[in-house]
Amino acid sequence: MTRLVTRLTCAFVAIPLLATLIAATSVDFSQGPWGGGPTLDWFAHAWPPLAPVIGRSLAVAALVVALNLAVGGPLAWWVARHPSVLTRLTGYLVNVPLAVPGIALSVALVGTYPMLRPSGLLLVLGHLVFTLPFTLAALVPALADDELRTNEGVARSLGAGPVRVLRTITVPACLVAVTQAVTMVFALSFGEFNVSFFVNPPATPTAPFALFDSYSTQRLELASAQSMIFVAFVAPVLTAIVLARRRAPRRTP
Amino acid sequence: MPSSTTAGSRTEPATGGGAAPVVRRRGPTPPAWLAALPALVVIGLFSAYPVVVMVANSLGLGQPPADGGPTLEHYARAFGSAAVRDALLNSLYIAVGSVLFTLCVAVPVVLRQAEDDRAGRGGATTDALLTLPIALPGIIIGFFAIVLTGRTGLLGLAWDGFSGLAYTFPGLLIAYLYFSLPRVLGPLRGAAATLDPSLPESARTLGASRPRVFLTVTLPLLLPAAIETSGTAIAVALGGYGTVATLSEGVRLLPLNVANELTTGYRLAASSTLAVILAATAVLALVLGRVLARVVRRAVAS
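Line by line, the protein sequences give chains A and B.
The numbering of the first sequence is my numbering, which starts it at 1 and goes up by one.
The numbering of the second sequence is my numbering, which starts it at 1001 and goes up by one.
Since the hints were derived computationally from the structure, they do not count as laboratory data.
Please read all numbers here as calculations on a predicted model, not as lab measurements.
Take these hints with a grain of salt, some might be off.
Said to hold, decoys possible - Restraint-style ranges between C-beta atoms, simulated for each label pair:
#1 B:1159 x A:8: 16 to 22 Å
#2 A:162 x B:1089: 55 to 61 Å
#3 B:1159 x A:115: 50 to 56 Å
#4 A:8 x B:1267: 42 to 48 Å
#5 A:84 x B:1071: 37 to 43 Å
#6 A:83 x B:1089: 37 to 43 Å
#7 A:84 x B:1267: 41 to 47 Å
#8 B:1044 x A:66: 17 to 23 Å
#9 A:92 x B:1070: 23 to 29 Å
#10 B:1030 x A:121: 24 to 30 Å
#11 B:1121 x A:28: 42 to 48 Å
#12 A:172 x B:1121: 26 to 32 Å
#13 B:1069 x A:48: 52 to 58 Å
Every residue, glycine too, gets a C-beta built ideally from N, C-alpha and C.
All chains, please: the whole structure from these sequences, using the hints.
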């Protein structure tokens, strides 16, 4: 019974992907699957204009990941190592973008800082505050681990400097958590649409906006090909997320 | 905000489980909260402050030329509009409905996964497939609905009733089910993994039937996590804009109205008002989920 439901659920997730792939490889999808014969022309048409857009999205996502580690890493350390009323308050503050819907946050951002929109700065910062909760969720439990803290204390008492402790003890111990944070943040930023809606620079859209534009202006076959290209870029990141989660030690709350 | 603190500024190093005192001494250690400062500045400036400005805009406290002073007029106009009320109700129906359906599917799936995990059986493919939708933006999920059940959709070939389903209420519900699935499965899976398998097993050996064990042992243990997860997932689904934006010629949901106020003529105050209403609804779902989960957890424990 539970196995059947699991199989059906997997089919429910997979069927739209397969259908989109069929649409992307059909000459005329309105005549049915592979109507007019199979073709790869739609992919050939879709790739050249999409390539620079995907490149831009990858760059934004990479920047957001780097900022997450640079800014979120120390914050996670403070929250994990110095728990107090202040860190609890910080926890609520960080999670504001989880409670406030993305489109509302987008309205809030563009209403407050319209001058930061054309440069793309507002987009990157919007993605940063939207993804920080996920970085914290992954890093704080790892950094709060008692065994890790004992090991760090031992290393320090043996004379290791702070940088050396960080490099040889803390980072290796948190590697799975860091992988989890990095992959999740990357995937979220790469596919982000809601927060970006009013803050993305109109002249230089990210990949989801190119797709959204195609959905209303292009043929279904071409839009399908673009969607499948997008999925192909997300799939490796997703695999990394799943692998990181499978390697993570199970923590009971 | 962090400048007013002294609680975090103790200068001794963090001592973990009986660590020896630090031997080296190189001048005063900077206070620990300094590490959190950059992040707190970013969050304050680009998350908390804009939300405050948004609320101010909705109350007529925005930039003077556009707004004349404190007023509830924008809220009166929003709730007075039948289109807004319908959109809010539709949003609630879609979010709550899709998450409840998701829950019915998710409970058997996580129980199966927990059993497979304990037995050491693989399932990496299942795992990857069921996590995939979380990495897909809502617009792609909306597009999936068009490919399958749009006017020239694939399923329409099998049965005419599927043609155009994407733009109807049930079609949107299914699209949001796809959207909510990984967001419910993820957290619920963690809860199912911590269930003690010996409890249902001993109930079985005492002669209880499978459905009875499920209803009287497994389900009550899983219920608090299910409620809390549902609250979060409903909040996320309420704000899910991409899916309905792609299917915007069909049912209207509140996020569409929020965006419309800005895209068709820049009415910041009206848009901010709807955004505040949407955010308040989402926060309500979130808080309700937490509170109910706590109540049920206490009831189950006693």
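Taking the hints in turn, this is what the structure says about them:
1. B:1159 x A:8: 16 to 22 Å: Taking Cβ atoms as reference, residue 1159 of chain B and residue 8 of chain A lie about 19 Å apart, which means the hint holds.
2. A:162 x B:1089: 55 to 61 Å: holds (56 Å)
3. B:1159 x A:115: 50 to 56 Å: holds (53 Å)
4. A:8 x B:1267: 42 to 48 Å: Because 45 Å falls inside the window, the suggested range holds.
5. A:84 x B:1071: 37 to 43 Å: Given range 37 to 43 Å: holds, Cβ gap about 40 Å.
6. A:83 x B:1089: 37 to 43 Å: 42 Å Cβ-Cβ, so the 37 to 43 Å window holds.
7. A:84 x B:1267: 41 to 47 Å: holds (43 Å)
8. B:1044 x A:66: 17 to 23 Å: holds (21 Å)
9. A:92 x B:1070: 23 to 29 Å: holds (27 Å)
10. B:1030 x A:121: 24 to 30 Å: holds (28 Å)
11. B:1121 x A:28: 42 to 48 Å: Once the Cβ atoms are compared, 43 Å apart, the range 42 to 48 Å for residue 28 of chain A and residue 1121 of chain B holds.
12. A:172 x B:1121: 26 to 32 Å: Distance hint for residue 172 of chain A, residue 1121 of chain B holds at roughly 30 Å.
13. B:1069 x A:48: 52 to 58 Å: holds (54 Å)
Hint check: no violations occur; every hint is consistent with the structure.
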